[in-house]
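Chains as they are written, first to last, in this note's numbering: chain A, 1 to 390; chain B, 1001 to 1311; chain C, 2001 to 2291.
Read the hints as simulated data drawn from the structure, not as lab findings.
These numbers were taken from a predicted model, which means no experiment stands behind them.
All C-beta atoms, glycine included, are put in the ideal place defined by N, C-alpha and C.
Careful: at least some of the hints might be erroneous.
Said to hold, decoys possible - DEER-style ranges, computed between Cβ atoms:
no. : chain 1 : residue 1 : chain 2 : residue 2 : range
1   : A       : Ile71     : B       : Leu1025   : 47 to 53 Å
2   : A       : Gln58     : C       : Phe2266   : 49 to 55 Å
3   : A       : Lys323    : C       : Tyr2109   : 38 to 44 Å
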Amino acid sequence: MNKRNFFQAVALTAVALAAGQALAQDNTFKIGLILPMTGQQATTGRQIEAAAKLYMAQNGDTVAGKKIQLIVKDDTSVPDVTKRLAQELVVNDKVNVLAGFGITPSAMATASIATQSKTPQVVMAAATSSITEASPYIVRTSFTLPQASVALADWAPKNGIKKVVTLVSDYGPGIDAEKFFNARLTFNGGQVVESLRVPLRNPDFAPFLQKVRDLKPDALFVFVPSGAGAAVMKQFLERGMDKAGIKLIGTGDVTDDDQLNDMGDGAIGVVTSHHYSTAHPSAANKKFVEAFGKANPGLRPNFMAVGGYDGMRVIYEALRATKGQGGGDALLAAMKGQIFESPRGPMFIDAQTRDVVQNIYLRKVERKDGQLYNVEFDVIKDVKDPGKSR
Amino acid sequence: MNVAGRWRWWELLLWALAFAAPFGLAGHALIINEIAIVALFALSLDLILGYTGIVSLGHAAFFGMGAYSAALFAKLVMPDPLVGLAVGIAAATALGAVCSVTILRGTDLTRLMVTLGVGLILMELANKLDWLTGGADGLQGVVMGPLLGRFAFDLSGQVAAVYSVTVLLVLFVLARRLVQSPFGATLKAIRDNRLRAMAIGIPVGQRLVVVYTVAAGAAGAAGALLAQTTGFASLDLFEFHRSADVMLVLVIGGVGWLYGGIAGAVVFKLMQDALSSITPQYWTFWIGLFLVVLVSVGRERLVRPWTWWRP
Amino acid sequence: MLTLLFDGIAYGMLLFILAVGLAVTMGLMNFINLAHGAFAMVGGYITILLMQRQGVPFLVCLPLAFAGAAALGAVLERTLYRRLYHKPHLDQVLFSIGLTFMAVASVDYFVGSTQQILQLPLWLKGRTEWGEGAWMLGMGHYRLFIIAVCAALTVALQYVLARTRFGSRLRASVDDQRVAAGLGINVNVVFLSTFAVGSGLAGLGGALGADVLGMDPTFPLKFMIYFLIVVAVGGTSSITGPLLAALMLGIADVAGKYYIPKLGAFIVYSLMIAILVWRPQGLFVRQGGKA
């Protein structure tokens, strides 16, 4: 490209940019929803976006006299992009709330922007304990790994599982899960034979599972991010680990409702602990699942979707409470301490830690009406995040 | 650049516009910052690809090295941006010197693979040393001090944009001196015909090492800028797609012409931004289509639509 | 340990089938085709979709995957690739990356980005174990199947190359295109059929690997690096070169991740760099052949 062409190109793009300037609206309330819509975590983005749109469809788009505008951006799970998008949303689009955040690094990268611009940041997916401590403006509606792992570490020794090998993805939530599971299991008299970590990107589970096979524990505890569960399950069954007497236990990400139905009968009997199952037997959940299925044919809502749904609820109610007055600080204050009934069960936002306090269910995979579901058989109520209340 | 050394009028105008942009287009300071950083990165690649003919798919290794060094320096030692920039450049240059021995031999393909391998090893290293780099979560808590003691990096990104454009200009001038010198002439000779260059006595190995090291340093500068202006460094900086993207940017703009990196950066970034706000999910399809059309039609003809229907 | 060796060999053979098409087209047409992974993905998705939606049995899907990818390869070669043979390598890299992006986004759009789960037929799901303890050889039936199919294909390919007239025409065109054309060999037909077969093999590899490697729209980008390693280390002038390179890569990768999980990926990349610096033309180059 020589200089003349270069000038033409720049001129064209400058015109295109100028033409695309959006006019600022005065009576709108903007929510900047930053999600991984493409890439490894794309299913997270799709579930949350669908749930957010469902909430808006069910509850209208006008609250306290303001029109709600949802701006969805794709950060492709790259934290640098998340940070830049958040900065643009705050500076250019002047959003009132930042929401979404599919993985921990994305949420952490945005924390400083939330603090600097005094914009509440609603984390709907990421699950590491320390996220809420990164900024006083962060509120979480998803869950934390310690919440889920500790519940399982209490259940396992009471059900004949003494020796365990842990296998987690090597990043924030995975390390959280490993640490808290190990600590609680050892406290309960169990023994963690080995702790394995799998790289987050492009994981190859085969050699790790072979190692587990050779160690012959009573059970294998697994945490992998939403979407990778199927690969683990497949490798687990292929290596004949269930026939060698090794049970598979883990947090609910490994039997993610999004993929569970395609995993086949080998998944039946796997025990997991999590805060949400599509099969949760409450009226609110039945309504949610039905509406979700109707709006998105063929898609089953998973725990990511419920995080997005409840996140929108928190934002809507906060806006209603502040009646649209006050800035980010007022909005944040109205978000803290909200108690309500979610499709997952009862939950509330702790006013001190700004984190979610909810029930953790123990579930087993069973076949119901021809489909596979995580059927709840036990519950631990109002679990605070152990990562903080230490 | 017909006559060596002389600045044409349009170049001066261009740089004046570049400096005015963060103030005139205040809402777009963030993307101007990004464009400047990508342009610098592409410029560094041009030194080895355009002027010396080394095809590298691992240039992101130096980009990431500069970024992490600057970020760690700011976090652990001292938050001054300019000193951090120097540290970033130094670290990347050192790495470049070490790695330059790997590209001395082999065909295009082997060099491609070796550079790729180096880039991937750097990423794995950064992942493993997570006590230092923060691993897959990225390096948190990097707070930059004010530039020159007075200009703090603000949310709107104006200071950052001016900073990046300045560094780009400085390194551009240096690069220009380099390629227009006799040294640069030997590089072009090596690119065009290595055997003949050896035959007339040019020390090919030594030249390759020098230019690779210099290019690494420039890439490190771009990385340091990114880490400082965003206050964040993550493993993604070492990823394969960074190296692939910068090569795309350079080729779109034109290799062997120092403004190629800048032109490509402007076009690519703006296009990417515009496309991904229209179709957040499938913008890669349109980028791919653009590339296929670009190559099929011929890179020179793309911006002259009346030549499209000529055979 | 024997199980590891077995797994490594299975992985290596799979990589070989995936990469052999790339090696031959690179050697033949001197065209850097980074879109090779996209053909593998096409084969994988054809298999998955036919099995999931139409209930076609697995064994029937395999030749269909081959045929589908081969047909796509033939069409693209004739329409797009042929115009780019004489362009500089950079243009080819740009073009093939662009094609890959388009393929990835299209698959994402039409099928979705979740990793697709393949349900293998029952007779392939079993596992046989011989021996005890450290010397136990655990062979998943599916991996046995992969090794068998790939070995058969390798023998067939070697036979075609060495013993048929087409093979000799192909070898002649690889060694020196102009002279081959001068001798009356229809180089265009050779290119077209080779590209089609190479793409077909990639598609077959994708179908076989869908279960082991996981099939999702980012498959081409994830595995392109491995294919390139096989081709660069094995050289492009024979079939045995990439075969040995793929086996080495497969075993090194599996063993590395098992014994030293912290350094698993390092081993592969460092090994590759060391080999390429020592022997820049690839490990197994025939004397007198084009690099």
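The hints, checked one at a time:
1. A/Ile71 <-> B/Leu1025: 47 to 53 Å: At 21 Å between Cβs, range violated.
2. A/Gln58 <-> C/Phe2266: 49 to 55 Å: The hint (49 to 55 Å, Cβ to Cβ) holds, given that A/Gln58 and C/Phe2266 are roughly 51 Å apart.
3. A/Lys323 <-> C/Tyr2109: 38 to 44 Å: holds (42 Å)
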